[in-house]
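Work from the hints to combine the two standalone chains into their complex.
Top line first, the protein sequences correspond to chains S and R.
Quick note on our numbering: the first sequence kicks off at 1 and runs consecutively.
Quick note on our numbering: the second sequence kicks off at 1 and runs consecutively.
FYI, nobody ran anything at the bench for these hints, they're computed from the structure.
All values reported here derive from a predicted model rather than from experimental measurement.
Careful, some of the hints might be misleading.
[As the list claims (entries may be wrong)] A few chain S residues that face chain R, going by a derived Cβ cut-off under 8 Å, partial list only:
#, residue
1, N51
2, P55
3, R80
4, M85
5, P94
6, P233
7, V237
8, L240
[To be verified] In silico DMTMM-like pairs for lysine to aspartate or glutamate, Cα to Cα no more than 20 Å straight-line:
#, chain 1, residue 1, chain 2, residue 2
9, S, K110, R, E132
10, S, K74, R, E214
11, R, K161, R, D17
12, S, K111, R, D17
13, S, K110, R, E131
For glycine and all other residues, C-beta sits at the position ideal for the given N, C-alpha and C.
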Amino acid sequence: MTALLEAAAIWKRFGTLDVLKGVDLSVTRGECLVVLGPSGSGKSTMLRCLNLLEPIASGSIVFEGQEIAGLPRKQAAALRRRMGMVFQNFELFPHLSATDNVAFGPVRVKKTPQNEARELAHHLLRKVHLPDKLTAFPDELSGGQQQRVAIARALAMEPALMLYDEPTSALDPETVGEVLTVMQELADEGMTSIVVTHELGFARRAADELVFMDAGQVAHRAPVDAFFNGSAPDRVVRFLNRMHG
Amino acid sequence: MKLFQPHLLVQYLTSADFFHGAVMTFWLSIASLAAGMAVGLLLAVGQEAPLRPVRALVWFYIWLFRGTPVLLQLVFAFNVLPAFGILLPGFACAVLALGLNEGAYMAEIMRSGIRAVGPGQRLAARALGLEESQVMRWVVLPQAFRIVIPPIGNQFIGMLKLSALVSVIGVKELLLTADETASSNFRYIETLTAAGIWYLVLTTIFMVIQSAIERRLRRRTSARSAVIAIEPAIQTIR
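Here chain R stands alone, though its shape is the one from the complex (with noise of 0.2 Å):
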């Protein structure tokens, strides 16, 4: 038996069992994200609060879950749950201790982002009449949003590979997948080979997706230029 065959590769990689193990992984890391930058979001706002049981709680909550494993957090999830009577699917555990865990790191992406809104663009708002929440909304977090995104986009790929650790409760993502597929007959240079390049896969295109998104955010302002330049000729038009 020869050590590497080329033609057990192509037939994983394409195969239906590789498909919905990437297409796992992509949802996985799509759900965690979105529960973590919610979680993220929550924390943030709450570190700003001017109560302090509210920022102690904020504080704790990022002690705990940034100074534990993700995969002890994974695992506790799992087993500690249904002894409460809370039994959750494999996915809905998955993204639930992902999306936890997850929500401690995005807090200090979103309080930095909330930070460098300065105190200036509070007091503007706030002499217009804005109540405290309506500031937030209308004119701290838009701004934020913007400052946020490319160190988003990179807790997406650190999630995506993240996600494999899921493969020990069960839940049939990329390695998981791979893992069984070789267990049953010992081929683990092509299977793992297959789940590695479904992994480069998914990483090459959300790094591409990033990197449009920043070219974007950079280019913004002339393309504002752009609109202006055109608008008198528009209403010449009108």
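So here's chain S without its partners, still in its complex pose (with noise of 0.2 Å):
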């Protein structure tokens, strides 16, 4: 199988800081990716250096066969549609109802008719459970709506690959469940998908792989029941331990 992306000894400094020092990461096609590791380590840096929202010091990104480190802006940009991406918190459009939200994708960079894009939004709010938000407005929505919504929004621009930014970390605990489970409904139709989170939970049941990154550096890499089975380095378990703490 080749990767659908591969980045290989990426090297992003902020300042003078060193935030990654040296970054392997490949994702194959249709796989789920789970990246675990302490805050600070660098892995929402690493997530926004992949669709290049961050430029890099150096190393190489390869994508669907095509290297894409340093492009210049107008080819990122049209590189980040292959891409979704899913934040923190969400970062829905507030001034745009949920149809508008996942619509807006479509509509001002891809130039689809409106009444197509709103088609394809309705589609995709029910494929994420809220047939009945689709004249919503955010602050109308929980938090986990508002995931879902967001989610939404990223797949209307059919992209190869989602980013998931530690997306039910700023949740209530009662929402995180039906975000979770869009999320594995996603990975088990095919979605590749890099996530960054602290549910171990949802690592367990929707991985492929799973990347431990300390320090900038991607420490540990293993197929999900080699990664919980014991076997993993000492700084892993450890780190495993205080997460169920």
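Written as structure tokens, this is what we have:
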């Protein structure tokens, strides 16, 4: 299987601070890769480097067989259309209804006709189990509902890869499940995804492979069974035990 | 001769001259405010530009126009521009000077609106594949406009009064109408009172409009909830 995305030796600096120190990472088509690690280990920064929201200092990122690191602005913007991103704080557009949020990408970026885009939006909102919230505005939705609209918004661009940046970290505990369910359904359908999360239960159920990041590096990588069976390095096991705490 | 003659006041208040003066004040304010908003928006976007020379230019503009009296700018436009072969009618001169001056203040208002839209919003828009100019046009500005509507209402009421300065370059708005009328018969109390009442009428109208807009903005959420409450019913009917 060839990798859909393969990052090699990514180096990222903020000023004098090295946030990523040679990260290697790859995901094959249809795979769900879960990224774990303590806060400050560079997980979120890594995701933003992968879709070129953050420029990298050095390294290579090959996506769909094409080297994308260092692409100029316009091409970088075009490339992001192939990768959906979901944020910790949802970042729905507050002046638009759920439908218009989801239709936004197709209408503004792909120049899809309004009617067509709205139909697609309704379809996707049903897919994330929000058939009765089509006209709701973000401030009328719970956190879990907002995050599901955000997932639908990302899906509307028909991305080849979904990037989730701690999608449930800002949610009330009772709404975490509904978001994870949607993510798992997508993964089961074969949507390639990279998920930065602290939800070990989700990792166990949905992940094909796991990556443990620490201090700007990939400290451990293993398929899901091997990752949790105790054969991982001490550092990883200690982290997992703390998470179960 | 009595000091104050009410029938004169009524006569001036209802005269075609004063009415035309009020109309002139009204259009002058609208045109200057519109020009100011356009300039202010341009400056505010320029202030957010990544290019340092652009930001420096914006800083210079604001420094210049906020640092000198608007009356000076007005007289300057009227008396100095013709020396360069630019002959503008009084109204155009007035809109130019008031608009450019207003732009410097409007820039701050527009900028505060733009800044109020969080960085996460821009990030989300960029993640969808929007280019920088599209992020500004479709995500930042629509949200910023909602934020700046109340302060722009204030600026408009300020502009209605500021426009009185234009009387010095001979644009026949309310104050000049009153002044010219008084200089022919020395009935200053009646003429100036009539002009004052016209100003109050104009500002009152706009205060009412402004508070109606603000009420609507505040009610926006509950109005939406109502729409959502009816939506299932509508779908059943269909």
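Can the restraint linking K110/S and E132/R be considered satisfied, given a maximum Cα separation of 20 Å?
-> holds (16 Å)
Does V237/S meet its interface restraint, that is, does its C-beta lie within less than 8 Å of any C-beta in chain R?
-> Constraint on V237/S not satisfied, violated at 34 Å.
Given pair status - E131/R, K110/S, alpha carbons within 20 Å = Roughly 12 Å between the alpha carbons, so the hint for K110/S and E131/R holds.
With chain R as the partner, please determine if R80/S meets the hint condition of a C-beta pair closer than 8 Å.
-> holds (4 Å)
Hint consistency between K161/R and D17/R [alpha-carbon to alpha-carbon, up to 20 Å] = Cα-Cα ~19 Å, so holds.
Starting from K111/S, check that the Cα of D17/R is at most 20 Å away, please.
-> With Cα atoms ~53 Å apart, K111/S and D17/R exceed 20 Å; violated.
Any CB of chain R closer than 8 Å to the CB of P233/S?
-> violated (33 Å)
Per-residue hint verdict: L240/S, partner chain R, C-beta under 8 Å | Nearest chain R Cβ about 30 Å off; hint violated.
Does the alpha-carbon distance linking K74/S and E214/R stay inside the 20 Å limit?
-> violated (39 Å)
N51/S as chain R interface residue, shortest Cβ-Cβ below 8 Å = holds (6 Å)
Double-check P55/S for me: the hint is only fine if its C-beta lies closer than 8 Å to a C-beta in chain R.
-> P55/S check fails; min Cβ-Cβ to chain R is 13 Å, beyond 8 Å.
Could you check if P94/S really has its C-beta closer than 8 Å to a C-beta on chain R?
-> holds (7 Å)
Violated hints for the displayed structure, listed by number in ascending order: 2, 6, 7, 8, 10 and 12.
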